[in-house]
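Trainee: Produce the complete structure using the sequences and hints provided.
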Amino acid sequence: MNAPLDPASTVTRAEVEDLLYHEADLLDNWKLDDWLKLLTDTAEYYVPPNDKPEGDHRFTLFTVADDIVRLRERIIRLNDPNCHAEYPPSRTRRLITNVRITGSEGDLILVSANFAIFRHRRNEAAPRQFIGRYRYKLKQTGAGLRIQERRAILDAEELGAMGAVSFLL
Amino acid sequence: MRNSSRKRGQANGNGRLIVEDRENLTFSVHRKVFVSPEVLESENRSIFDKCWIYVGHASEVKNPGDFRTRHVAGRPMIFCRDRQGTVRALFNVCRHRGALVCREREGNTRQFYCIYHGWSYNIDGSIKGIPGDEAYPPGFDKQGKGLVPAPRLEHYKDFYFLNLDKDAVDLHTYLAGAKDYIDLVVDQSPSGKMEIISGVQEYDIKANWKLLVENSVDDYHLVTTHSTWLNYMRNSGVNITPAKGHMLPTKGFGKDLGNGHLTTDNPNYRGRPVARWISVFGEDAKTDIDAIRKELVERLGEARAARVADTNRNLCIFPNLVINDGSSVTVRHFTPVAPDLMHVTAWALGPVEETEAQRARRLHAFLTFYGPGGFATPDDVAALELAQQGYAAWREVPWTDLSRGMGNSQEQLATDEGHLRVFWRKWSSLVEEGAAA
Chain S
0 MNAPLDPAST
10 VTRAEVEDLL
20 YHEADLLDNW
30 KLDDWLKLLT
40 DTAEYYVPPN
50 DKPEGDHRFT
60 LFTVADDIVR
70 LRERIIRLND
80 PNCHAEYPPS
90 RTRRLITNVR
100 ITGSEGDLIL
110 VSANFAIFRH
120 RRNEAAPRQF
130 IGRYRYKLKQ
140 TGAGLRIQER
150 RAILDAEELG
160 AMGAVSFLL
Chain A
0 MRNSSRKRGQ
10 ANGNGRLIVE
20 DRENLTFSVH
30 RKVFVSPEVL
40 ESENRSIFDK
50 CWIYVGHASE
60 VKNPGDFRTR
70 HVAGRPMIFC
80 RDRQGTVRAL
90 FNVCRHRGAL
100 VCREREGNTR
110 QFYCIYHGWS
120 YNIDGSIKGI
130 PGDEAYPPGF
140 DKQGKGLVPA
150 PRLEHYKDFY
160 FLNLDKDAVD
170 LHTYLAGAKD
180 YIDLVVDQSP
190 SGKMEIISGV
200 QEYDIKANWK
210 LLVENSVDDY
220 HLVTTHSTWL
230 NYMRNSGVNI
240 TPAKGHMLPT
250 KGFGKDLGNG
260 HLTTDNPNYR
270 GRPVARWISV
280 FGEDAKTDID
290 AIRKELVERL
300 GEARAARVAD
310 TNRNLCIFPN
320 LVINDGSSVT
330 VRHFTPVAPD
340 LMHVTAWALG
350 PVEETEAQRA
360 RRLHAFLTFY
370 GPGGFATPDD
380 VAALELAQQG
390 YAAWREVPWT
400 DLSRGMGNSQ
410 EQLATDEGHL
420 RVFWRKWSSL
430 VEEGAAA
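Residue numbers (numbering that gives the first Met the number 0), protein chains in the order written: chain S, 0 to 168; chain A, 0 to 436.
Among the hints, a few may not be true.
Unchecked claim - Sample of chain S residues at the chain A side, in silico, Cβ under 8 Å:
(1) V46
(2) P48
(3) R57
(4) C82
(5) V98
(6) E157
Unchecked claim - Distance ranges between label pairs, derived from CB positions:
(7) A:T108 - S:D55: 17 to 27 Å
(8) A:Q110 - S:D66: 16 to 26 Å
(9) A:P148 - S:E104: 43 to 53 Å
(10) A:Q142 - S:R99: 20 to 30 Å
(11) S:R134 - A:Q110: 28 to 38 Å
(12) S:Y86 - A:R102: 50 to 60 Å
(13) S:P80 - A:S190: 25 to 35 Å
(14) A:G73 - S:P52: 43 to 53 Å
(15) A:Q142 - S:E123: 18 to 28 Å
(16) A:P397 - S:A155: 29 to 39 Å
(17) A:A290 - S:R134: 30 to 40 Å
(18) A:A175 - S:I95: 49 to 59 Å
If you are wondering where the hints come from, they were derived from the structure by calculation, not from laboratory data. In this text, all values refer to a predicted model and were calculated from it rather than measured experimentally. No residue lacks a Cβ here, since even glycine has one placed at the ideal position from N, Cα and C.
Mentor: Encoded structure:
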């Protein structure tokens, strides 16, 4: 028997970058239903609290800790004009850099990247800036590379002037 | 003190900001209170320097040497437990030249140390060392150079408050009827011990701090501001049909707890980790929640257990502490930074005995509604910021109306504004009449 193939060796960084850039484009353009299609049907999305960036959502109060059920509900909410925090929808721009394949975990490919997201709102002179790093768990599926887990870890000591995290980081 | 006349203030008359007319049943708040730096200065002197202000919970400083740094009433404070086990609140300010002596958010230490000239302090605040102290003249009171403690620090069931006024009434007297509602929260724990769960939410709202007092207890806004959250509940199988003749699924009340404290008191429909199952928790959780319920009934009796498990209460302790015992328990306080900016700090609270699964369920339930990434709080933030933007026209559109429910002689619904008026009367007595807190 051959040793099982390391899943991290089945993709190139360019392929991972393509996925992340495509995802950023969908999110910046509020194509949220299309974005959901990038996820596995057990995907999870986390934003840890600023004071416990390495925390575990089972014991630590997160800013966001969504399983796929709540994540789908979050998209329903974000698509609704009664999602007042995001109506009219924020104009966002995501800059994603320092993309690296960092290893594997079972059949999952571990990826890290940096992000800078600028969120512009009507009646606000300056954009609110969300700076941090992503940690992804990606999965090779018959339909291509999919997101099993995404974790957006903010660098700031507190949310502070970022205010609410009402859109997807 | 409560204004004894039938009319508090007088619209367009004597310049009063809070105008209550008990004959014509109107209650108006002048929007100057949300925009004026002079009003904020007056609030800082008359409210934040005089009232009991929340500092932290005993569970945050469990062990000797544990400390947390935080701002309370705008002051940099160290909240800590000394070697003898005494909980303290010390000004985080070096006695020499005034620099902060503790820079970390939290930790466990034997001393606080000023990086400027090296003065050091024991965790009880007493002076530990002054480098080169032989240069000070005779009579220099080294022992008197410890960190300055908060003038008063007292607790009720592990909730610690400080008072900058050494002559203030004691905390228990100050809390008045709010104590009963803290008891309802604490009774969730078999041992009467609750704890702050790790992970803090700290965020700014570009709005006046008093708007969050109102918003925290105002059930009138729920249907409009939080329709997407209601959709989420409905999609998850929770019955959110309004009760006959009411705006919300259950008939809830707004209550005056005395001394400016107030609460909502609502029959639950939205689920509670202790102890009312809803479909959002999943079928697997049913047995466990039944067991939590059983323990409550055995310990407290049927009636008290129902009181604890079947009601949601958003409690506001004057001026700036809110304990929401709803889908989960959140403890949050907020501090004005400017007339149009507040800083909010929020935690989750839970019984110390919770199992891993119960704790995870509590945290999951918290995030369905509360917090800057929840399904509801961001829309509250949006509503408050829109209100603040509207106040740019405070001179032309000066009055906020808070008269809902004024025709009801006794009972005030949670969708009325009777409990909001409780806050404003207290505010008026302190800021406009100079009453003692």
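Trainee: All hints are to be evaluated individually against the structure, with a verdict given for each.
Mentor: Hint check:
1. V46: 6 Å, holds
2. P48: 4 Å, holds
3. R57: 4 Å, holds
4. C82: 5 Å, holds
5. V98: 25 Å, violated
6. E157: With Cβ-Cβ at 4 Å, under 8 Å, it holds.
7. A:T108 - S:D55: 17 to 27 Å: 25 Å, holds
8. A:Q110 - S:D66: 16 to 26 Å: 45 Å, violated
9. A:P148 - S:E104: 43 to 53 Å: 50 Å, holds
10. A:Q142 - S:R99: 20 to 30 Å: 56 Å, violated
11. S:R134 - A:Q110: 28 to 38 Å: The hinted range 28 to 38 Å holds for R134 (chain S) and Q110 (chain A), with Cβ atoms some 37 Å apart.
12. S:Y86 - A:R102: 50 to 60 Å: Because 40 Å falls outside the window, the suggested range is violated.
13. S:P80 - A:S190: 25 to 35 Å: 47 Å, violated
14. A:G73 - S:P52: 43 to 53 Å: 27 Å, violated
15. A:Q142 - S:E123: 18 to 28 Å: 52 Å, violated
16. A:P397 - S:A155: 29 to 39 Å: 37 Å, holds
17. A:A290 - S:R134: 30 to 40 Å: 36 Å, holds
18. A:A175 - S:I95: 49 to 59 Å: Hint holds: Cβ distance 54 Å, inside 49 to 59 Å.
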